[in-house]
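Protein sequences appear in the order of chains A and B. Note that the first sequence ends on residue 515 in our numbering; no numbers are left out. Note that the second sequence ends on residue 312 in our numbering; no numbers are left out.
One or more of the hints may lead you astray.
Where chain A lies over chain B, by a calculated footprint (3+ residues, C-beta under 8 Å) [what the hints assert, rightly or not]:
1. 24-31
2. 132-142
3. 239-245
To be clear, the hints were calculated from the coordinates, so they are not data collected in a lab. Just so it is clear, CB atoms sit at the ideal spot from N, CA and C, and this is done for glycine as well.
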Amino acid sequence: MPISRRDVLLGGAASAALLPLATPVRAQAKEVVIGVIYPLSGASAQIGVDAQRAFETAADIVNKNYDFDLPMAKGEGFTGLGGAKLRLVFADHQADPQKGRAEAERLITQEKVSAIVGTYQSAVAVTVSQICERYQIPFLSADNSSPSLHRRGLKYYFRAAPHDEMFSTAMFDFFDALKKKGQKIETLALFHEDTIFGTDSANAQLKLASERGYKIVADIKYRANSPSLTAEVQQLKAANADVLMPSSYTTDGILLIKTMGELGYKAKNIVAQDAGFSEKALYDAVGDKIPGVISRGSFSIDLAAKRPMVGKINDMFKEKSGKDFNDYSSRQFMGLIVMADAINRAKSTDGEKIREALVATDMPGESTIMPWAKVKFDEMGQNNNADPVLLQYTGGKFVTIFPPQAAVADAIWPMP
Amino acid sequence: MMVAMDPGFRRDDMRGKPLTAATIIQSLASGLLMGLLYGLLAVGLALIFGLMDVTNFAHGEFLMLAMYLTFFLFMFWAVDPLLSIPIVAAGMFVFGAVIYLIIIRFAMRAKANIGMVQIFATFGLAILMRGLAQYFFTPDYRSIPASMLGGKTISFFGVFLPVPQLVGALISIAAFGALYFFMKKTDFGRALEATREDAGAVALVGIDKNKVFALGWGLGSALIGLAGGVMAIFFYIYPDVGASFALIAYVTVALGGFGSVFGAFAGGIIVGLVEATTAMILPPSLKSVGIYAVYLLVVFIRPRGLFGSI
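Only chain B is shown next, with the shape it has when bound in the complex (with noise of 0.2 Å):
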């Protein structure tokens, strides 16, 4: 009944479609939308990097958290995740803050070896977060069925813009400025900056280290609870998430160059435009291919990324 398959069997390459101008408009669109969320996705790393060296593995599990936050809140008390983002990102700010007390403080204390020291830290964080995500929540897929901009989409001359990428790109731009705005005019952004540049001068002063690092990881940390409050409306949640996104963080802030917030901006759009037309020009199953070849390049010219001072 069953024959075994032919293995001289090939098949028809069904990817000759030829390119109209609304699928690469729709292609490009697409992956600005996405390079924003991405860029908001990795700003929170880039900043903690550029503050004090320490590279958060954690990342994804935060992003796994914020995005649970969301679906709690929207479980349990009705909360629309619209509404909740602003909850998610001060319940991160919080979160992030405590992290940097308990743990990244004392892994910072070490004598020798101080990188990898926190490169475990972080690591034995992310697999904790993980486990006890596994435990509490389980692992089931959730994803939050019905919110006010969820399933939502608009078109344009017959090209479609998901509402809540759309919400999502907003807000990411909205972040940035605001993020630059801080940094460059308000006193604890320039506490920060300076404790970035020096941290025994500015202990001299009168600024206390740790507590400009505390909130230096909660301001991180609040940052990935806007994109996973974004996130929770389109994607599904589950206790691993977070890992496919971390890895897109993380090219993203090496592309946009280490410790530089405007770098992870410019790296995320690059990202998701790179990947949107990759997968126009090769199968999709290759199309991170594209971000990976775009960041070697830019090794290869600039090893401290395109924005990267440092």
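The shape of chain A in the complex, shown without the other chains (with noise of 0.2 Å):
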């Protein structure tokens, strides 16, 4: 009988059937699985892809054994469930909140994610979040910041870095503790962006400036990824506030800066609400424009020199990306630890004994790569003990100016 190719490829996909029962049962090894959910491409994707090298590490510690003083890094894979190992799976949603309402869908449904960590955009971050709570996964913000995120009721949300309020409240902590010392700081001018990550952000600064008895001189709302911010410019240039306080992704902040300089105007200090003011692209394209800027951030890398494992895990990223921790990549690789250690101690990758776990954590902060006082839930999923720093760009680096505790160096003030 004459064997057609036929014969040949059904003989192979049967033995391939097969195959599975001649190898030893792995059950103990299985994998788990979380979602990753970013901006890979578009507007913010050098966010993302930077954030995807932030996750990689994480995983890394997770998956091999690393001689650190963090959860997880210890022993390879998950303890808790008989060594299983860790796996990433990245969902692209474009900055887009319906794309990652549609990835959350996917990434659950379809790759069976066991929790979902993300998402650069607040805006993003609301939608993702309410699917997760359809399906009862649990969803931890990495780096949103947004205030209103953990107060929308939801049992599946956390968030171990601090918001946009707790942010705001260091800028005007520090701007109290100036005006003792004897600076005038009286006028500030709001610039930010129309999507929530900048309309919460002012809403916090507006709210804190009248509390504190600060004078708003200008709140400047304009569109994400404007060809122009010729007008906005002007009307900071005119109301020319003590503090020009930016709510923006790095496209706007880089144009803000060079439109700045274009029209003449010159900012008595600038204090940023982080975003694109965090991002090297920004100092790499007009950081000689503006020595002495001020952003609030929640890494600090002088930890390191406290904390030797800071550094050491910083030069594992910095290999793969190329670039520093900065505030977004160490809150992204803390947030998937975090999850992560979740559901090692929940030993289980069930969504609701997962959430169980979370809201049992209770991590110190030395065994963070963060400035933190430690990692523990509120009811509504924020972490209250994730204290924020103040960062001046100084000689071509940041340096923790606030608060006091975390302080090296004194801030210079005004802005040379």
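Two independent chains are provided; combine them into the complex using the hints.
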């Protein structure tokens, strides 16, 4: 009987189907799948690509044995789940809340993820966390900072990092401290983009300003990714506040500083709500125009002096990405560690069990890479023990200047 | 520690600042400079449309490519953007002609739904170019840190005119002047015009339609090259940079009139001025509203656009 090509194919398929029976049982070494949802293309693709490197660094620490005082570092994989390995599935939301919703649904139903971490843009976190709530899958905001996110009564929502009211409070504490030292700070100008991030940030700042007696002389909301910011900058220039407070992503941040130069406006001081003002790209483009700019942050590389593992983990990340940890990549890294630690303690990949373990989280600050007191979630899923810091850009790098217990240098004020 | 936001909290209207003469003049001057650049950005689109009824949906990506070319010339060979503008325009000329010969020419052979085929061909090209740029150039935001014009600005009585935009505006005026001369006074310009009017008839007199179209695409792309070279001086560069400018180019062409080169010039200036004026009256986040309101008004009165001939 001649053997046709079809027979060979069939035979091959049949033996492939039988193969699993022949290999030893591997039930113990199952894997834990976590969905990671970021803008991997579109205007903020650069953030997503850097985030991928941060998450891969964290996954590497989970899956291999490292001698760090960091949860999940010691031992390979999830010790609570028989050494199961962590596998990340990345999804691209293109900064679009609707794509985020669809991708979250796909991760849960098709990829069978046990938890989701995301998302950079707060506007996308809104939809992604709603989907997670519906499927009872825990969602952790690694780096979203809008305060309204945890106030929506969601049971499966968690955030280990500070939100913008905490960040803005730190800024106003800093202003108050400067005023006590005799500096003149009376007027503020807000400059913020028009999605939930910029709006929430400006709302928090407006409220704090009115409570603490600062006068807002300009409150400019602009359209994100505008081709030109000339009109906006003109209004900022006319207001000429003591402190300019931008809440802007990278593209708009670069254009803001360039346009300020073109229109001959030099801000007296800039205290930024992170985002673009934490990105290397912004300082590569316009860093020389804004020496002494201050940005809030939740990470400080200065910590490496006190906690050597911070420097070592930073080196691991730098090898993958070519960049140092910044405020975002550090929170992304830590977010995945917090989630993995909860799954490990839950000894299960069941959504409800992981949620219970997250609620029970009590991680001392020393075993994180952040300047936080600890990681412990309140009933809304927010960690209120994540103390923000203020960083000043001087001599081509960031130096922690506030609060005093974390500061390594005095603030240079006013901006040179 | 954290108090929930009081939902009844209202922000004061901080925009009640009186408009001074200086602010108005500054706004209009900035608007005019941007407008001239918008015109230069749009004219390639108008030219190609006028020539062969094809809307290039990859127009923004052509701009992105021109900006990256300028950036790489600066990074690797330290060519100042001002000097690289002609090189970029020449490079874009070749690129545009090649795109016509390998893609658009075939898209135009469709027997049915020819308009749709062209839309999807150029749209597909846009997505491809964006993807390749992200893969090869990485999604990092680039910018040219220092150049002969970058960051320089001149001021008259408190009105600031950024030098890169000023030079861009001059290049725009010069390009439109040259284009006008070219279209009206040269043989090739007349061939373009004739092919546009009746491609069948020009074939009879021995003009190769494909050659004319390829040169038309080259010329249109070279004009984007000029705009991209100027913009690389003062704007950031990344794979998606074309998107927001392409939208402006489309509305500029639609406003000025499809197929009209002069319309693109006038449309650009109108868009720039309307944008600047809107931002003086409404919150800046709504400044593009004015542009579209004016466009809808034009559609109402003169659907083919202000200077449209078709």
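Each hint tested on the structure:
no.: 1; hint: 24-31; in the structure: holds (count 3)
no.: 2; hint: 132-142; in the structure: holds (count 6)
no.: 3; hint: 239-245; in the structure: holds (count 4)
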